[in-house]
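Please build the complex by placing chains B and C on the supplied structure of chain A, with the hints as guidance.
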Amino acid sequence: MRIAVASGKGGTGKTTVATSLALCLAANGGSALSPAGPPLLLDCDVEAPNAHLFLRPSWEAVWPVGIPVPQIDPAGCTACGRCAEVCAFNALAILGSGVQVFPELCHGCGSCTLACPEGVITEVVRPIGVLRRGTAQQGIDFGHGELSIGEPMAVPVIRELKRQVNARPGQVVILDAPPGTSCPVVEAVRGSDFLLLVTEPTPFGLHDLRLAVEVGHALGLPMGAVINRDGIGDDSVTRFCENKGIPVLMRIPFERAIARDSALGRTLLETHPEYAPRFRELAGDILRQVEGAR
Amino acid sequence: MKQLVILSGKGGTGKTSLTAALAHLAHDGPCGVPLALVDADVDAAILDLVLAPTRLEEHDFVGGDTARIDSDGCDACGLCLEVCRFEAIRQTGRHFEVDPMACEGCGACFHQCPAQAIRMQPRVVGRWFRSESRYGPLIHAALFPAGENSGKLVTLVRQQARCLALDRECPGILIDGPPGIGCPVISAATGADLALVVTEPTAAGMHDLERILGTTQHFAIPTWVVLNKADLVPEVSAQVMDTCQRKGIEIVGRIPFDEAVTQAMVRGEPVTAFDRRAPSSLAILQIWQRIVAGLFGGSIDTRVERLDRRERA
Amino acid sequence: MRIMITTTKPEFDSPVDPNFGRGAYFVVVETNSMEWQAYPNPAVGAPGGAGIQAAQFVSEHKAERVISGDFGPKAHQALMAAGVGMYLAGASASARQAVAHLEAGELERLGGSPRQGSKSGN
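Chains as they are written, first to last, in our numbering: chain A, 182 to 475; chain B, 33 to 345; chain C, 48 to 169.
To be clear, the hints were calculated from the coordinates, so they are not data collected in a lab.
Each hint should be verified, as a subset may be incorrect.
[Unchecked claim] In silico lysine to aspartate or glutamate, EDC-like type, Cα no more than 20 Å apart, as pairs:
(1) C:109 - A:266
(2) A:343 - B:131
(3) A:343 - B:119
(4) C:56 - B:199
(5) A:425 - A:466
[As the list claims (entries may be wrong)] Covered stretches of chain B (in silico footprint by chain C; criterion: 3 or more residues with CB under 8 Å from a CB of chain C, positions within the stretch not fixed):
(6) 87-96
(7) 177-187
Don't be surprised by glycine CBs; every beta carbon is placed ideally from N, CA and C.
In isolation and in its complexed conformation, chain A is listed as follows:
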């Protein structure tokens, strides 16, 4: 089972919920909630990854991730321009007498390599970030990606993270998604069985929750909501969830103590163990919804 935790708006508590859910499943490893033992948590917010600060994994492997960009053999190149013609991103251009490559614009699609009539294009991987894999407390398997500073494209790092850090057979995967609702979020959330939306009861929270729900609908995913910092705003988020038939699976009231503990890098479940049965219930509700949908 793959559970994606997203929000639309940043700072609502995705990582808080994702890490606590992971700890809960690890504590209940072997049960119906997490039959294959502790889960795998993938932090897909590759621009600003934070989950490792809370789960503190020991890294077992770190390796670069990149985009295959074209390299043209000048000896065989006739400057016919076909590569520049097919490139949709203007990463290749015929300027003056030769072909110039702009690697930072390249999406790694391989179209130019296929199209070259002389076959003089090879691909070289240009690193844009790193992937890390390790084991965290309670046997949680952990993976994250980190986009290099100055690099624009998060999506390829997220894609490779999901491709290269794999779950054991039957292992539950929790994906901590980035904020927003555009392609990095879609890349993170695609292929999941459930979308857990973490929101806050404010106009900003509601606005972005609406967008996140549309992403969920577009991907055809069953959804549920967690309302974090409950009590700080109004009830418009609750009414929205009711109207849209999105079950509110948990409310975490705003408490300065919780905010403080999170600020100090401590997970909710560690500092507030009274939440353990509530996260078990949350996991159970998600499992039921997923099985119902199948």
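Below, chains B and C alone, put in the same frame as chain A:
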């Protein structure tokens, strides 16, 4: 004409609330500077919720192309599936279909299809708007959920704001930036005269602060920091201040945690308009005065001096 | 000499478009005859790298010099590679005026040092 961009690295630190308050002070405050306003957080554009804009113009935004397979022409050779690197071709039996949400628009399938049964079609993936708000003209946009090429849309709204500011002879543009450090942030920030990074005294906030500061440094954008919810965890606030000092980055404001900010948001207003004596409002006024002096300088300085003299008296 | 200018309308008397990569039109002028022609800029809708595509268009037309409001870092890189001289239109009210200013040596020419991101990376 100066461009000020509000960034954060980590989401949820209070960029938009601060941008709205600065917009209010720029328009109605003691050191008035008419600004053109831009909401560059196009994935999740919320600035308009606290500016009460009236929409004047609306335009479609085309991100890129999407492939479409003509099933009549398709002979199910499967080459498209082989060449697609983005898992955007779905096969069921002899039927091949493009998943528009996965399609990168690269055209590899289009160029390689032996039956020429694929077309590339431009897709409207959002809208952008020119509005008039309580505090000045606002250029904003909304990328449709699951939309692509937010960087291009950010560039577009910035360019529109630039033209608008030149037309109206605004001395500056105020940009509410997106979270993160990738393409939309780079598009929002490059070429800005000043980046104001809003951070919070949390472990995650500190980690992401390093990354956004690294990013603004990479693109040679002068940067100041604002520490929001500053009194939430004094130990971590001290660490933030150390980090900034180490990097030679100035913290130009410390805003205390203040429920008035959320109360103002629920009322659809910036906190400085909602309650100008709220602790956060007072802190933001000081930040605005720093911006006026440091970014807009010149004749406006004298007004700031008068304000200081009045306060000292 | 062949010069290209970015314009907002397809006319020689059109205002100069401040944008190189996504300027609406290019006017191509032969300065010895002052014959001119306008083309829509093919890069205007590009998903990215518009400056590069526009630079390629300029290169294909074999212009020796190009005038615009400003040039982004990639456009600058591309035009340098193509050997095309870049000039800033400055206060020129129209493409025609800009060409006159260029001939009189009054326009600022961009040098070879890489442009800082005054345009964003799109």
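We went through each hint and held it up to the structure:
Taken as a hint, the residue 109 of chain C and residue 266 of chain A pair is honoured in the structure, with Cα atoms around 18 Å apart against an allowance of 20 Å. Only pairs whose Cα atoms come within 20 Å are accepted, and residue 343 of chain A paired with residue 131 of chain B is accepted, the gap being roughly 19 Å. The suggested pairing of residue 343 of chain A with residue 119 of chain B holds, with an alpha-carbon distance near 13 Å, which does not exceed 20 Å. For the hint pairing residue 56 of chain C with residue 199 of chain B, the CA-to-CA distance comes to about 18 Å; that is within 20 Å, so the pair holds.
Annotation: proposed proximity of residue 425 of chain A to residue 466 of chain A holds, straight-line Cα distance about 18 Å (limit 20 Å). Proximity of the stretch 87-96 of chain B to chain C, defined as three or more residues with a beta carbon under 8 Å from a beta carbon of that chain, is established by the 3 residues found. Coverage of a stretch by a chain is defined here by at least three residues with a beta carbon nearer than 8 Å to that chain's beta carbons; for the stretch 177-187 of chain B and chain C the count is 5, and the condition holds.
No hint from the list above goes unmet by this structure.
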